[in-house]
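Put together the whole structure using the sequences plus the hints.
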Amino acid sequence: MTSQLALTIILNGLTLAALYFIVASGFSLIFGLMRTVNMAHGSLYMVGAYVGYALWEPLYDADAWYAWYAGVAMGMAAAAIVGVAMQRVLLGWMQGQELRQALVTIGLSIIIADQILAYYGGNPRQFFAPDAIFGSSNVPGVGRYPTFRLFQIGVAVVVGIGLWLLLNRTKVGLMIRAGVDDRDMLSACGVDVPKINIIVFALGAALAGLGGVIGATAQPLAQGVDGRFLLISLVVVIVGGMGSITGTAIGAILVGLAEQIGQALFPTYSVILTFVIMVVVLALRPQGIMGRLR
Amino acid sequence: MTQTPAIELKNVGRRFGALQAVRDVTFDVAMGERRAVLGPNGAGKTTLFNTICGDFPPTAGTIKLFGEDISHLPAHTRARRGIGRTYQQSLLFDGLSVLDNIFVAVRGVKLNRFSFLVPGRSDAHLAHARDVAERVRLTHLLDVNVGDLSHGQRRQLEVGMALAAEPKLLMLDEPAAGLSPVERPELLRLLQNLPRDLTIVLIEHDMDVALPFADLVTVMKDGEVVVSDTPGRIQNDPVVHEIYLGHGGRKH
Amino acid sequence: MSAWLRTPVGMASAATLALLLLLPAILPELMPQNQARFWLANIFGRAIIYGIIAMSLIFLATYGGLVSLAQMSLAGVAGYVVAITIDGAAPSIVGGLSYATAIPLGIAAATLAALFVGLVSVRTRDIYLLMITLALAMGFFRFVETNLAWFNGYEGIRNVLGPSVFGLPFRDPHVLYYVSLTVAVLLYAGVLYLVRSPFGLVLQGIRDNPRRVAALGYNVALHRIAAFGVAGFIAGCGGVLATIYNIGISPGSIGLGATVNVLIMSVIGGLGHPIGAFIGSLIFAFFDTFAASIYDRNRFNTLIGIVFLVIVLLSPDGVIGLAKRVGALMRRD
Amino acid sequence: MSLRLSRRSALKGAGALALTAAATGAIKAPAIAQNTPIRLGSVTTLEGPFATGGQDAYRTMEMLLQAENFTIGGRRIEWTRESSNAQADVALARARKLIEQDNVDIIVGPLSGAEGIALKDYSATLTGKTIVNGSSGASDTTLRNPSRNFFRFNTDGTQWMAGLGNYVRRTLNVSEVTVVAGDYAFPYAQVFGFSLEYCRAGGKVNYLWSPLGTTDFASQIAQIPRTSGALVVVHGGTDGLAFMTQYAQAGGNLPIIGGSIMADQTMLSARGPHRRLMVGMVASGPMADVIDDPNWTDFVARYKRMPNAFPSPSIHAVNYATNLTGVIRALKEVNGDLSNNQAAFQRALAAQKFKAPTGADVSLDHNRQAISDIFLTKIEERGGTPMTVAFERARQVNQTLGTPEPAFLALGAPSRNNTGCIAAS
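Chains as they are written, first to last, in this note's numbering: chain R, 1 to 294; chain Z, 1 to 252; chain V, 1 to 333; chain H, 1 to 425.
By construction, these hints were calculated from the structure, which means they are not laboratory data.
Every residue, glycine too, gets a C-beta built ideally from N, C-alpha and C.
Heads up, some of the hints might be wrong.
Unchecked claim - Just so you have them, the derived chain R footprint on chain V, three or more residues with Cβ under 8 Å: (1) 152-162; (2) 255-266; (3) 310-319.
What the hints assert, rightly or not - Computed spacing ranges between beta-carbons, pair by pair: (4) Z:L117 <-> R:V276: 36 to 42 Å; (5) V:A149 <-> H:H366: 30 to 36 Å; (6) V:V9 <-> Z:T139: 25 to 31 Å; (7) V:V185 <-> Z:V144: 28 to 34 Å; (8) H:S175 <-> V:A149: 28 to 34 Å; (9) H:P37 <-> V:V9: 44 to 50 Å; (10) Z:E68 <-> R:V276: 38 to 44 Å.
Next up, the structure:
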């Protein structure tokens, strides 16, 4: 293998990891605060992508320069709205019943997938990135490389820093972190916990929606992506440690790299590499790489 | 008096992340001694208990049980070495009957504890379990689901399960917690009637329960041992008064 | 035993068993011949077979508090081992074995695989366990789907026709039905026996309070792993039957859809008693078969999703819990 | 009578019952043949990624049955539609329900390869029932262990590549290509068909396989050897779109040769950078958007009048239509008579010779597998929309691509290690 190829594969792994991080960070955030395992997280990804596409398509046809950005905003908003509705109508009043919440979200994911099929049909579709981030750029040591994939890394870094600032530098973040440690304490201190829950759910869902539009720009959007991204989110947070943003980043990088390197070196067995990593991590650190024992 | 102590703590510490819950605890409990551990909420009493019983092994120091270093043994092995315990908030098997709870407790230290065979009517362990139920006055409730018991009955069962395996060292974590003034003396009587050769360590808030019961009292605060002495002298120790009674007695 | 038969539960169980035994004679009275055969094999037979797999999930969930989504995969392990080793499968991967050898081998493999799942997930509980078992299940699915040398990839292995039982072909609806029923009754009775054994009591203790179980001297991890092994054995039996019922096995048999279906069956029936597995799988088989007639075929998933959601919202312990509550209400009046 | 018989036998034993049921069925059938409807069942995929193709298949089936006014030989056709999720077990459950509960006489379906093999196996256990393929294209459905109750009037994945290898090597004069393909049975069959011709003609092939479900092809794209003169992309649907988009984004510029399901409408109608590479792509397969044939023109015109029709029928629509055409013609020949365990009907099916909607001549071989014409196609922009245009036709391609059957079978089943690339010696 040439060094150029090796570098390309590593860069591919990192750009894929960026997408995984964006999606999984929302999952991890919701889990971290509320202990809610949102099995419909992949469905939120899909909602964001399809609804964003519905807005993007006519704008793109009309040659609006902002079409893609509008699609992103729409996708995030749509996912957030669905997420908040889920939390308010179904999940909020069964807070603490983690298993029941997981079952409810499984039921929801089945319905959402089927309704999306009914509304949007089975055709694959794909966003067209705006000119500024389309095409390929020159990367030292790699050569020409798709600009959009580099942009993905940028978005992931912004999301990561944003989440860090939110959690560590704002009052809401303080409350979220306090809630992670002790929910009872939080409500005893007079904090409106349901409201914090809604904010976090909206944020987590919006990240899924953002991932949806970005993912559907890099790879086609089709039926079945919900299960794929749910599974990726699960594996990433299991490996990285539940509820930790740093852990999610580490998990995403490991999974992304494993996928690309595995595919290049031993395509037939590449799919299990990810799961081998998961099993090894679980055996050594059941709480995940950055997870805390509780 | 060179007899091996029942339990020997040396510089025991336990840390949770940034929180040092127990720090540098050193004391011995002699065979057959009854020791009370006193201290305000958050003094680290229960954490100390958990490090001794193995729920959370110590992060520093050593623990010896009858001379053997058990610092790094898992909880179930320590139980087999003779530690029995109760919990401040009853940890019972709510889905099982009273008899099954005690039966499970009886068998935990037996050699054939892992078994797929349903015991016969005349099973020796089952008979033993009935005896234990008798001792903690729950015979009339043998087939009742534990989830349906009253709080007082749960406390009785809690003690019964700790005794069922015939431990050599009994660790009692606030056995009288939440009991009514009527139930309290009854439980105390139950404890006082335990065989004298059984070593007992008792965590208690209530001095009225602890002082008449204990041979020696250890007072803890902020994860550290403040003083160990006889009940009489503890009662009159100004430092203890300051840190313990100064808090206005028990609060939950 | 005779005393048990006089209890309401005992009488109901005996009556249900008698009804199930006579079902092949009753069905033709109710419907045309061909439909009776269809109902026998493809509604009741199928419900019993998938009920066994669902029961392995319910066993873990009810008595161990361990909701595992790996059970369909474990069933698939048994099914694949049979398909790989049996004579006459297409394609023949290893081949050469008779059913008398291949079936125990398959069940043993499922049990071993389950012990592995137990080992990997032994320090996790509740929702973590759900996530990890789902991830393991999907890992196995993806591996099977992409591996040709052992699993023939996406196409799977076909032509697993099943053994002859007392000289009768397994494909006959009556043979299929009675064999499945016998296996299910034995496993069901086995589960009810096991949960009264010390192992079963300790398992329930772990469900209620793992710390206490450890403090009593039991090795919690060992019991949990063993519970997975037992569940794997049950799932393996179901997996062998399912593979023969489906005349083969392919990745779709163990995919996300199939995995979630087993969970749906269990939850609809009720995660409170092993009988829920069979009630749930019967309801599922019925809906799955007749959705096209009841409701728009195209929107079957919406229907099943809503049914599932309503059950989880109204009665977390499924149809059994619902029945219990209705019974309690009626008694109060 | 039959009720009492069956009840007793149910108690006695199962084997006897099966015989009774078969016997009573056989005796009863002729008397009622002309009054009862012909029950036609169908299985396709209406959920997941294949849902569009499945819907299109039912669109054309409905079109053909409407044309017959749902009546053949004086008997009404009662049509029961079922849907699977492209999984073998589910297709099997649906087929069982159709045959056993709904008592259908004939099933048309299914859509995908693993399902096809499952239904072929199931059909072998039936008596007096017929399954005619829908759109599945796995070779083994008819090549190895064929079932006498299973018929396929569409060509399979290997047949679809006939003529492409020679065209790339001889006409385009490309001496080395890189094949990128999914790592599972359907692409194997296609790659096998391509390599067989291309290597025999002296071409060199590099293979890059991607596991099923791969969505990120970036690393694979990085591995395409620079010596390649063309890229043979054997993907379909979402995978094809993903690969082509990423290849275009990575700045790829090799001429593209397509597998048979590369250039379908979903791919051509999707927006994206891939479109720049798609124009001019050469592929081969059982159909094209534009075929210079009156049969096809007529078919497309009728198709377009159906509700929600696409600009051009999909490959699944064409395959289902071809198979249903065979069924309708055979039913007409026997005047709707399905008696005697469908003996006459199955004989008529096996002897069918007709023109498929594409204008290709169809007949069946001794395994009841289609021998038909394959089109070489090229993507051209017509009126601003890209479409596939047939420019050459390989006539009467059989399942072994002209190789004698024993020799073909001796090559073994196509796989990643058995690509059919055997240089001419």
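Task: Violating hint indices (sorted, rising) - done: Hint 1 contradicted; others consistent.
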